[in-house]
Amino acid sequence: METRKVTIHCVGATDSCLPFRSTETQFEGNTAEDLLKSITTTSGSTLYKEMVDESGSYRYGFALAVNGELVRRDQLRNPIPNLSQVVVIHLLQVPAGG
Amino acid sequence: MCRMCLHGCGILVHVVNGVAVKIDPDPDNVDNLGKLCPRGNVGLGRHYDKSRITRPLVRTNPEKHWDADPKWKETTLDHALEIVADELKRIHARDPRKLLCSFGDFQRYWTWAWPSGAFGTFNFFSTLGTSCGGGYHPINGAFQGTFATIPDYNYCNYLIQIGSGDGFEAHLHLSGTAKRTADARMRGMKLVSVDPRLGAAAAKADEWIPIRVGTDGAFVQSLMYVMVHELNQYDKEFLKKHTNAPYLVGPDGYFVKDNGGKALIWDSVDRAAKTWDDAGVKDCALLGSYKIGGVECTPAFALLEKKLLKYTPEDVSKITTIPAQTIRRVAKELVEAAQIGAKITIDGQEYNLRPAAIQWYRGSHAHNHSFLDNFTYKMINCLLGNIDMPGGHLGVPLGWNPADWKGDCTVNHLEPGDNGVLKPWLYELRPPVPFKYPPDRYQLTEYFPIGLDPGELIPEVVANHEKYDLEKPEAIFSFFSNPVWNMPGTDKVLKALQMIDFIVSIDVQAVSETTMFSDVVLPDRTFLESWCLYNCEAPFVTGHTLRQPIVEPPPETMDGTDIITELSDRIGILDKWNSTVSGFLGLWKNPKYLLDPKTKYPAEQIMDRFAKAAYGEEHGLEWFKKHGTSMRLKTPGELYHTYKGYRLPFYMDFVKAAGDELRNNMMKVGKDWMLQWRFDEYQPLPEWRPSFIHTEDLEEYDLIASYFKTAQTTFEDLANIPWVVEVAGNRPEISSVWMNTETARKKGIKNGDRIKITSKYASVEGVAWLTEGVHPEVLMVSQAGRPHIQSKYKLSSIPMFNELLSPDLKQVDPVSSSYETAARVKVEAVH
Chain A
1 METRKVTIHC VGATDSCLPF RSTETQFEGN TAEDLLKSIT TTSGSTLYKE
51 MVDESGSYRY GFALAVNGEL VRRDQLRNPI PNLSQVVVIH LLQVPAGG
Chain B
1001 MCRMCLHGCG ILVHVVNGVA VKIDPDPDNV DNLGKLCPRG NVGLGRHYDK
1051 SRITRPLVRT NPEKHWDADP KWKETTLDHA LEIVADELKR IHARDPRKLL
1101 CSFGDFQRYW TWAWPSGAFG TFNFFSTLGT SCGGGYHPIN GAFQGTFATI
1151 PDYNYCNYLI QIGSGDGFEA HLHLSGTAKR TADARMRGMK LVSVDPRLGA
1201 AAAKADEWIP IRVGTDGAFV QSLMYVMVHE LNQYDKEFLK KHTNAPYLVG
1251 PDGYFVKDNG GKALIWDSVD RAAKTWDDAG VKDCALLGSY KIGGVECTPA
1301 FALLEKKLLK YTPEDVSKIT TIPAQTIRRV AKELVEAAQI GAKITIDGQE
1351 YNLRPAAIQW YRGSHAHNHS FLDNFTYKMI NCLLGNIDMP GGHLGVPLGW
1401 NPADWKGDCT VNHLEPGDNG VLKPWLYELR PPVPFKYPPD RYQLTEYFPI
1451 GLDPGELIPE VVANHEKYDL EKPEAIFSFF SNPVWNMPGT DKVLKALQMI
1501 DFIVSIDVQA VSETTMFSDV VLPDRTFLES WCLYNCEAPF VTGHTLRQPI
1551 VEPPPETMDG TDIITELSDR IGILDKWNST VSGFLGLWKN PKYLLDPKTK
1601 YPAEQIMDRF AKAAYGEEHG LEWFKKHGTS MRLKTPGELY HTYKGYRLPF
1651 YMDFVKAAGD ELRNNMMKVG KDWMLQWRFD EYQPLPEWRP SFIHTEDLEE
1701 YDLIASYFKT AQTTFEDLAN IPWVVEVAGN RPEISSVWMN TETARKKGIK
1751 NGDRIKITSK YASVEGVAWL TEGVHPEVLM VSQAGRPHIQ SKYKLSSIPM
1801 FNELLSPDLK QVDPVSSSYE TAARVKVEAV H
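Line order of the protein sequences matches chains A and B.
Quick note: the first sequence, position 8, residue 8 per this note's numbering, numbers continuous.
Whatever position you read off the second sequence (first residue = 1), add 1000 for this note's numbering.
By construction, these hints were calculated from the structure, which means they are not laboratory data.
All of these numbers come straight from a predicted model, not from anything done at the bench.
We put the CB at the ideal spot given by N, CA and C, even for glycine.
Mixed in with the good hints there might be a few duds.
Claimed, not checked - Label-pair ranges, simulated between beta-carbon atoms:
#1 B:Pro1027 x A:Asp53: 44 to 52 Å
#2 B:Glu1618 x A:Thr46: 38 to 46 Å
#3 A:Ser55 x B:Glu1074: 53 to 61 Å
#4 A:Thr46 x B:Gly1288: 48 to 56 Å
#5 B:Lys1343 x A:Glu24: 54 to 62 Å
#6 B:Pro1555 x A:Thr46: 46 to 54 Å
#7 A:Asn82 x B:Gln1676: 56 to 64 Å
#8 A:Met1 x B:Pro1438: 43 to 51 Å
#9 B:Lys1332 x A:Pro79: 54 to 62 Å
#10 A:Glu24 x B:Pro1416: 31 to 39 Å
#11 B:Gly1288 x A:Pro79: 46 to 54 Å
#12 B:Glu1415 x A:Met1: 28 to 36 Å
Claimed, not checked - Per the computed footprint, the stretches of chain A lying under chain B, defined by three or more beta-carbons under 8 Å from a beta-carbon of chain B, are:
#13 59-71
#14 82-89
Excised from the complex, chain B in its bound form:
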């Protein structure tokens, strides 16, 4: 199994005389369908990286800054483990919460449970969550009981991609998804790419629509305006039967209920209010307003219909720069392609056929009002009636929680909750954290009842810990992670690091931005030397794929899981660690495979127990060694839903309730920063709001800088592999800063000029690449910049985009906890 991203395609590695010489895709793995993306193809470069650590390193230079040589001293594994264990044992005895963790290896996700389950800290030093799904994951959980989403390439005929490279350069299971996307396009699927940048998806799309950064939500609101107010085409039956759109809302913004607490709807035939589950309802109203007990009530859908009036194509054209006629045409094409009313029977089961969808990802969702933006994108799919329908917008479970496995398939969380509406599943990776002041968490999770953990706030909270009545943290534990590179607001990150007494990294490379600041580096093994059994966000398949060692590891290295087991033993928490693994990997499915509290289990044995507990005695590691994978295609019944027993939360009253409760709690505590909280972001229906990047009075900062990922450089550890550096370094669209030709001409900047980009917080330098394939108001920067590492192999012309940002409470979306990832900037040539 590949490890060059989080998803784990099936691969075959050719070994000659103990040396891995070639990686091929596994032709029999139904996940990646015999394909392998550029990352997978350069996997040997990661394994044979000359900068790889093969012995533990101990820092001898106490000075820590970008230019400081750590003056590493090699030592034995036993000595390095002892140094780390002593530090951690001391912290564990005093207050475990003073350890901040940063765990980045998705494929060894059980290690992520070590801090809370074994060590006793909930605190971390990472933005993995909000730098990843941000507002996307909470809305998927709340609306659809799922973690990620994918268009149904099996049947989709019309796909709009907004700020997303699905199937071209990023997101879910790229190798297989690229094949599925290509097949769909060969079948005739039309693709429209809405993006400030003519990236890989836009270049191959039928149509590229450039848009002003951060206004995607307004564009989609306007599509909905056209569907509802001009075309009167949307899936009314879906809304009535499968959502709470007909539920009546009172003047207070909450559902109107009968004395038994049941939400009411309006039967437009009998002209009477009835409970939502009344079998005698003839037809429920979506529009109008009604008086019940003297109170004016409105169906939830009618409230959306009214909100949409703000988004005429003419008005939205001014916001997005997309012509009004384009908005109208795309809306018409989309809704007609959806074939509202059509049915399809697959394997004897009838479903709604809705072969049109909108897909989005980081480019469109990672802005200041992320929750409302994500809600908007979900809502238009809901109006099309395509949620989990053939051809539409499908949920993709994370696949990590053994409790989600039904037989051999991972399923979504589809459980009816209050008044027949889907129970929101917001917290895929943790229970909700109740309001508390002072907080326990440096990421202030206590104040984000809907969202993920806002890791981007940690540097500021650490640096100003007294303001939040928190004590200074003492150590950082970084496992296969590079928080100094991936956290926004680099200046704040470095200031926070200066306050930390001890930093330990478990990694395979010694040249990362984080290991530069570490006191001890413990050498991990590469993916060609280690065990793993894994499934993650697999869209069309289900099962697990095995990774097994095929080359001999250097003797003074140790698999990361084994390092944690060894440290746990030395700290005195082995029983807790084993118990955590038993819970997290589902070993409880057969208690004979539960880990004994006092035994140190090598990773291989843990994987064997994992396999046997999940699949049965006969399907242990030996079975997987022989077969490689248990992956199989999902059945139609596993891909599509028939909505028996629950309705989708078109109107999210629970979001409004969460906001109201948070307001009450914060007003009682009354800290200044609490009084300024943006409670009105907790809206039960979506809308578009401008970000501060649109509204701040910063005339001289006349451009917006944003970043992008490519398939070659998605993760930092790719950006210093020699093959990648050579290929990407010769491609200006990766190694240079995208600038519109006309914009550059006005500023006197020529192609290839060295330029300085300045935000309110920092200046960075890069090389201008002039192109008409970028919006005139925008600078696009690859995220692969690593100017500060001391490596012969790096894309030296790319600036580090995160330096331009500086997240604070104002810049964080208070609902989803995502943050604004674009910055207002000015640009000038460097002479």
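This is chain A alone, in the form it adopts within the complex:
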């Protein structure tokens, strides 16, 4: 099984599910989806389930960036380079409302 080593950062309102803010990790597989499925959240789920709904779309407020580029939902199964900088972004509302 192929493996990748990346640094993953979590920014925004991340406390609800994420076990860390920044860490190096090695995972089995080579895609962003493999990475997200390898990470267990504080609720015992996987990061992938927290971020992506049943239809494969990001849940609102979530985004993912690899090496500074946003990863579209249809790119989650593309390979990511070894030693990538991966950022999970979780933005919630601003209080003024619009």
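Starting from the known structure of chain A, fit chain B onto it as the hints suggest.
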């Protein structure tokens, strides 16, 4: 960069011996084109305001009402921060949702993310959203994947402004837009202003058409009636190719689909139903009705065509008071100016040329059926085929979300969704909030799946929190904001304030309606003392402009961003705040610029990281200090669209679906107020409905009062700057209440008389200014009234319009969450 409104024009400030003496427009900034509006020109008045707070203030008088002196006691910054941090820490530990926030500095918009991202509250005490775009922003997002809109002054030849002062006294980037509007008019663009008031736009227009308040939607429906039923002139090709107007709708109001879930259209050549994306479709029907599998189906356009039958010019004339022949003439002029069928090639790309548009804003959209009104205004532009086309109706992104930056340009959200129709982008500033009872939010966002957060409901919900199974909130955190002034229904606002234990304000002025009720005021720095890198709703340009301190701040003041960082550290949430900033400002674009969770970063360093993450290592703050701005004109390819891969939602089935789902959820919960919800406002096509201000049986309240903004007084902090007070105070059209001459004569009111205006909820006083430049049924009041502040400098003759309103669930548009901003009133002279 200027800070006298939200948009941020480029300015140059002249400093002599450490004193700022003059503000000029930056001649090289392509946003404001070497121009500066009246607000920008009085910026020194804000900085050198004698009422400015230069030391933290702590209230010593527990009594809180309009006439109560707070008996401020000055203290040190450290002591004041400690008082605030202790209160917030206590609330944060118990239940963060009990903190209500009101953040009003658009230019430091990252601070708006502090409540939800760092502190853990979604609750606020503000109507910034619904007092601003109301129903306009959701419809822009749903229909066009954008936040705001602007007419394309580059090519537009015929512009109808409805309840809007774009290019004259308000809305997007006034300085530059005024220049662009003037250039277009010099080129020959005809301007028609539809407004109850002969304001700046109407005064300079080719034609002013006075209209009864709140009937603009009926007027536009009638224009569409003439285009479709009398002239048979509308952009059929645009509707067929670039919208879902040909999609077949079944008797249940939803699209008819094949077994694979694909929406069907009717091929009028082959006389057969085909899927919307079938490459073999020869010509799709817009009209008629068809049977598919025994079910009667109708193209969405045919449903609109039928709805329009209600809006003959003769019938609408009775609603609007606009003569039928005027409606017919304007419709003909508009559609002929649109040159339907014309093409233009720009930079090698062919577009539809549609040099005619309708633009609207608050005067026409802020009524009881705001969603349907806004949908109407969008729809007529769609019939002209001018959406994002040269000369037409252009989308303007907000510009805040770093995820929207493609290269160095902020773009609209144009992503195909269900059945090839543009994915609606309703929630520019937050994710959707699922239905839940009891709600978590005092603004009841859980019950507005399409709209913004209805902040106008907060005072009533706070005062009656048990009714909604909510607990009493404990504190208000106000940052560069004045909710007591800007929220409608002042009486309810004050009652809600009485229930709040602790109020803290971060501000530069101590005399605002909100600081009068505050327990602690933390002194912010002015725009001439602080850092900011910014872009917001820039219509024709893209990039960021820098603001940098050019005078020394008073020592016991602190930049608002730094105050929040310091408070976060003392509360124990610095890591969350830094993480929020890293996400919100796009520092993730280069992870080396992510903020360390344990470090307190001054605003200057945050801006430096923001610049470098967005533009690269070489374009940090040093680069911006040297160049001032990265603003550049948008290319034609960034301004105009070719509609590859998506269709516009002419028929909004998802709005109907949202309403149906809300009905099901509310019926299950079954609270009395839920059973009275107006679910039938969730319509997939636009229509006009009278507001309660038209239908309530209030015979003695025979006039409608409405308000307006001018360029000099758009925001409250302008209305107590001495220069503004002197200039505006000498102009009766700002300082007095507009009343039609003949109406006044019938009531025995003379020019200059002191008058009492009474709604069902309150009475206010002002001075009558008699003019034929206002509709006979209408009183127009400047929004700049601040009668309750203790200041030598205020426009003392203007009443506070918000006192005349009293929003409740009945007065709020259940789709957009906007509220009715006009009131039925009676008027009498005060002797």
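Hints, verified against the model:
| no. | hint | verdict |
| --- | --- | --- |
| 1 | B:Pro1027 x A:Asp53: 44 to 52 Å | holds, 50 Å |
| 2 | B:Glu1618 x A:Thr46: 38 to 46 Å | holds, 39 Å |
| 3 | A:Ser55 x B:Glu1074: 53 to 61 Å | holds, 58 Å |
| 4 | A:Thr46 x B:Gly1288: 48 to 56 Å | holds, 51 Å |
| 5 | B:Lys1343 x A:Glu24: 54 to 62 Å | holds, 56 Å |
| 6 | B:Pro1555 x A:Thr46: 46 to 54 Å | holds, 51 Å |
| 7 | A:Asn82 x B:Gln1676: 56 to 64 Å | holds, 60 Å |
| 8 | A:Met1 x B:Pro1438: 43 to 51 Å | holds, 48 Å |
| 9 | B:Lys1332 x A:Pro79: 54 to 62 Å | holds, 60 Å |
| 10 | A:Glu24 x B:Pro1416: 31 to 39 Å | holds, 38 Å |
| 11 | B:Gly1288 x A:Pro79: 46 to 54 Å | holds, 51 Å |
| 12 | B:Glu1415 x A:Met1: 28 to 36 Å | holds, 34 Å |
| 13 | 59-71 | holds (count 7) |
| 14 | 82-89 | holds (count 3) |
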